[in-house]
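Peer 1: Spelled out, the chains give:
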Amino acid sequence: MLEVEDLGKTYRGGVAALNGIDLSIHAGMYGLLGPNGAGKSTLMRTLAAIQLPDRGSIRFDGIDVLTDTVALRRRLGYLPQSFGAYPHASCRSMLRHMAVLKGLPDDAATRRRINELLDLTNLTAHAERAVTTFSGGMRQRFGIAQALLGDPSLLILDEPTAGLDPEERIRLYNLLSQLSGERVVLLSTHIVDDVEQLCGEVAIMQSGKVVAKGTTVELVAELAGRIWESPVTAPPGSPGVLLSTAYRRGVPVHRYFAETFPGEHFVPTSPGLEDRYFLELQREQPC
Amino acid sequence: MLSRADWKGEWLVTRRHPLIWIVAAGAIAFVTFGVSNEAPRSERELFEALLRLNLFIPVFILPFLAGALAPVFYLRDVEHGMSEIFAAYPQTLRAWLVVRVSSLSGLLIGLCAVMQLVIAGILAEHPMGELTMGALESAKLMALVHLPACLIWASVLARFSCSTGKASMVYLAAGFGWLAYVGLATLTATPLIAGSFVVWEPLRSAMLLADPYAITALVNPPPLDGMGYVHEITIVTGRVAWLVACLVLVRGIAEIPVFSPSRESTASIAGPRSGRRKSRSHCPDYLALLLRWIMFDKFFLLALIGWAALAFPEAYGGMSYAEPLAVLIPDSRDALNRVMWDLAAPVCTLLLLYTADRAARMGSITRMESLTAATPYSSWRFVGTQLACLWLVSLALLAVTLLIVCAAQLAALSPIQPREYFAQGAQILPMLLLSATAFVAIHSAVRSRMAANLIGFILLVLGHSSLVPTMGLTHPLWKPFTIPLAVPDHVLGLDANWAAMLHFSVFWAAICGALIVVAARVHHRGLPYPQLTLRRALLHPALFAVVLMLAASGWQGLAIHRIFVADAALIGNDESIKRRADYERGYAKWQHRSQPIVADVRSFVDFGDDGRSADLRVTMVLVNPADEPVEHILVGRNQIDVPGKVTIEGGVAEVQDAVTGQTVFRLSSPMQPGETRKLRFAARIVRSALASTESLLILRPQFASLPAFQILPVIGYQREFSPRDPQRRAKLGLPPLAIAPPSRLAEPTAGLTPQQARFETIVSVPGGHYGIAPGELIRSWSKRGRTIFVFRTDRAIRSAPMFFALPWKPQQRQFGSVKAETYAPRPIATNDANLVGMGDTLAWLSSEVAPYPGRSLRLIAAPEFGSSGFAVPQAMLISHQRGFRAIPAPDAGFDQAYRRAVHETAHQWFGHLIGYGIPEERAFLIESLAKYAELVMVERRYGKVAMRALVAWEADRFDRARLAPAEAATPLIDAEDSEDTYSRATLAFACLRTKVGDAAIRDALREVAAASLQTSRPARSLDFVQALKRAGGKQSEMPIDRLLLGSLSIEVALARSGCDMDR
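Chains as they are written, first to last, in our numbering: chain A, 1 to 287; chain B, 1 to 1063.
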């Protein structure tokens, strides 16, 4: 179990990237949602013990992450938002190199595990190519393969589906779902649908703070009966908050959060995690 | 269409780059520092300083400025991943090039202008400075030198940037450009480069036009045959040609295949060609990966090729170089010496800095830092692996260097001594390992790549340049991560270096160890964020180890410091002059008080068995020559400060001044006129293995020399110890020194007696060694493993005693009544040039000028002690390398060894018979007359052609020493600069020989020597000039006045005297 208490980080210039984050994350997939600049990547790096917070504590299965970073890293699989590769090494040798860095023995079992990961990430055919020659999706799959080296009990994935085509994205999510049984998989993304489908629990971040957290079902259920949609915007003075405007087959669809019927043309609709996400962002916006 | 906004926008972007401000500040600081060291004493020197400093800018500063700044202007889009964005902008390649090239050129020109302002401004503050002159000269140099040079560099690096798309290649190009120019300048005798000479005249002629900075044309004076206008046209034509070449170069960028600034750049980032090669490596080891990462780096490989291209010719062409017109039959030591010390150490360290950057930043360069940082691979292992990698690279660099030298030796068919390779390699290696360790630590601890490289570069410059001593920091520990090793010669060898290596290695290794521990603790793991809080870093047990290692280093540093203090090696020039100023302030009043003189010196010198110490016990018999009693005697420290004890018979030390080393003795009963007293001096002189051998005081098992004339206490106030430079005196608050130059010197009132003494010396040396002292050897015997030699002078001679203990049996030869003894590591032939020169000069001067004042003369082969020759009464030191190992070069018109032997032998007359006793006199009677002896002896022995070759060589030396040889000069007899007292004097005497004749010069010398001997009155230069005029007759007065007393440039003086020296 991963426990985060009062985590804070302020960059030079006064930007509070993390501002009193409290989280308690159990085994399974945990989604971290937030707009750009919300502090998700800072939180991910801090949880992966590669960036120091200004205050707070992080514990993972009894390990004080901030003091015993090596112990955490032995159980960690980390995929950063962006990464490169050494130009003179093939995909397989890179995985072997990473395995050594992770403390795995350079033996037949490790090589077997690397082959399995290559299979799992659909990279077997490209195992002898240099990673620097990979396409964006292939490189991302390599990143996932390396993160899975060593059978980590904590997987931190920062935007893992960036650059993946739909098929690869689904394949990855299936894989993550299979893996998440006994381990903590922390998934950061701004694709709300992905989190809603995959994650049992979710936290929504805004301006360095967690503005909402809980199980996906609970967060959505709290909005039941209070989400409305209409092809027109609500008249001024009507109750409700505009959550989003989207076009569905060329027709505008405005979704509102309102305790009572907002007005003519509005119909009640079932809430989704996206509604909760937009609602929390609206709440945090300054008046 | 470009508008002002394009340049404004460019400036708005680039001005935010810190590198621009850092290099600008560095360049200005460098120039300020350089100009502050100038102390011109005349208008000519002021003009030369202005010219020299201006020419210094393009040669030594501009390439580095351009190299550092070019990537900011040409490659910033690539480096910051913006090339694709800009590629989509509607800016043409031509517009892009115009803006970027002109912006970089403009910035470089602006920086040059600021540096010029600094130079002109500081020099204008000089008493002789004139702002108008500085401004006009600066404007001319800006137009002819700086402006074209800036355009050339901006264009060349634009081409390199666009061709390669890599900053490293731009740095390499700038480095090669700098080295290539310095190499060419060295081969074409540019006065900016010490030790440069013309290897091939057509090359110098070509450089008159092709020199990119026009320096060759500027420093070579136009011919005086009425074709002076050609000189200006040559300079302008060269500038125009270079600018056209630059235009072609920049225009050619459009022709580079698949080039557009952004497309090309993108290719460099997204798909490095090397990455497309299928890598089949399966070695997961981090060290192997690091090594592969470094070894496959194109820049590293190119740098190695560049290093080979630089080192091979240096070793091949330089191994046989002894001095101009003389060559060696080289061995491995000669070949290695050309490369290992001045070149290999800094170049390999620079490559190690680059390698450390690559190794430590591999993660961030390949953008894998987050992946690797999140692994449990500990920071200790990261740092340790990088360290192992750098150490292996150090070994590889050393091996490559040794292989390059070996190849050069094979190509030159020179015998190879593997042991020498091993020894020199082993002495250089610790320095490389220390630097490698420091660089790894810095790169591991400092997150900012630029800051880490800047720190590393500063350390490198401090360690491997003369910047630190120039700043007045004489302590060798100010040179970080370096070991002050001496270049081995064939007398002292490499042995002494081992001690220095051990002492300094321990000191720096402890610091490196502490740095590595700190670095491993605060290692950034390739990330831009700190990985440890300060509190945790301070509380970690590793801090204890750091403290321990720093304490060990401090202890070792203190030990080194004590050794250097004991060796008196830490007194810098500034400190020495300050002490002399204190001396003058405190004791100048003593110059008017009667003081005794030294009449007899009885010494016992005991050279220790360890070869590093000598006990000196001296009894000096003092005589009161005045007609009044002496109650107080001032006894002072000599030039070399050795701890010793002085007592005077019947005297009590009344005042002891430890700072200036003066003691005032009060005599219990005053010394009556003519009365004698004994002064006793006892000292133990110890020189550690770390002591420099670049002085006359050398105490080594292989060679021991004790310049007693710089050690024995001096009586009374010594006027020659006063600081003489007017500016320094003013700075130190001393009144101007009223010293009349020799050309206006009145007849001396004091005789030579205070400068002369009789000597009796007992020299005790270890068994197998031979002792030497002034005078004749009376007897010698061996006892308990020691040999004792007793020497005594027949009469009073110039008081400049020097004692030796040498492991070489003397070879004896009789020249008339004089017994010549030669001490050298190997037996020399009877027709050896040194012996022949010595015999010829003894015969000529003894018969023509004055009898030789003694019965023996000793010629000693000396290690490289900072000079090629030195003479004391009855002994002379000649560099073993240049005097005994060298032979004339195939194209030499005369034999340098013969010339030098003549010169040093002549000092027995010119220096020790006449030429001393008047502090105001300068070097004319000593060095210039010895140059005259060279001319006569070379002509007599080898003929007129050889003599003319000697004159031509001296003329060339003079031209190269002077940036403006055509400028007016001080009268020759007043001159102090070596190019005047040696080279100009040779030209002047060569002319006088034709206009006045050798007979007249001989008569003048004879008259002056006889007068000095008979009257015991020191001779003046003017005495010689007047004697020469008398001997030469009325018609000789004009050329004598013009050449010896006139202020015309030597070229004009020779021309007006009707002397054609084939210049």
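Take the hints with a grain of salt, since some may be wrong.
Said to hold, decoys possible - Facing chain B, according to a computed beta carbon distance under 10 Å, are these residues of chain A, among others: (1) G20; (2) S24; (3) G77; (4) T132; (5) L281.
Unchecked claim - Label-pair ranges, simulated between beta-carbon atoms: (6) B:L287 to A:G200: 38 to 46 Å; (7) A:D106 to B:R361: 19 to 27 Å; (8) A:S24 to B:R361: 46 to 54 Å; (9) B:I571 to A:V70: 52 to 60 Å; (10) B:A288 to A:L175: 26 to 34 Å; (11) B:A288 to A:G181: 54 to 62 Å.
Claimed, not checked - A few chain B positions that, by computed beta-carbon distances, are all more than 10 Å from chain A: (12) P18; (13) M142; (14) S378; (15) D495; (16) P530; (17) Q811.
Quick caveat, the hints were computed from the structure, so don't treat them as lab data.
Just so we're clear, the structure is a prediction, and the values are computed from it rather than from any experiment.
Each residue gets a CB set at the ideal place from its N, CA and C atoms; glycine is no exception.
Peer 1: Looking at the structure, which of the earlier hints fail to hold?
Peer 2: Of the numbered hints, 1, 2, 5, 8, 11, 14, 16 do not hold.
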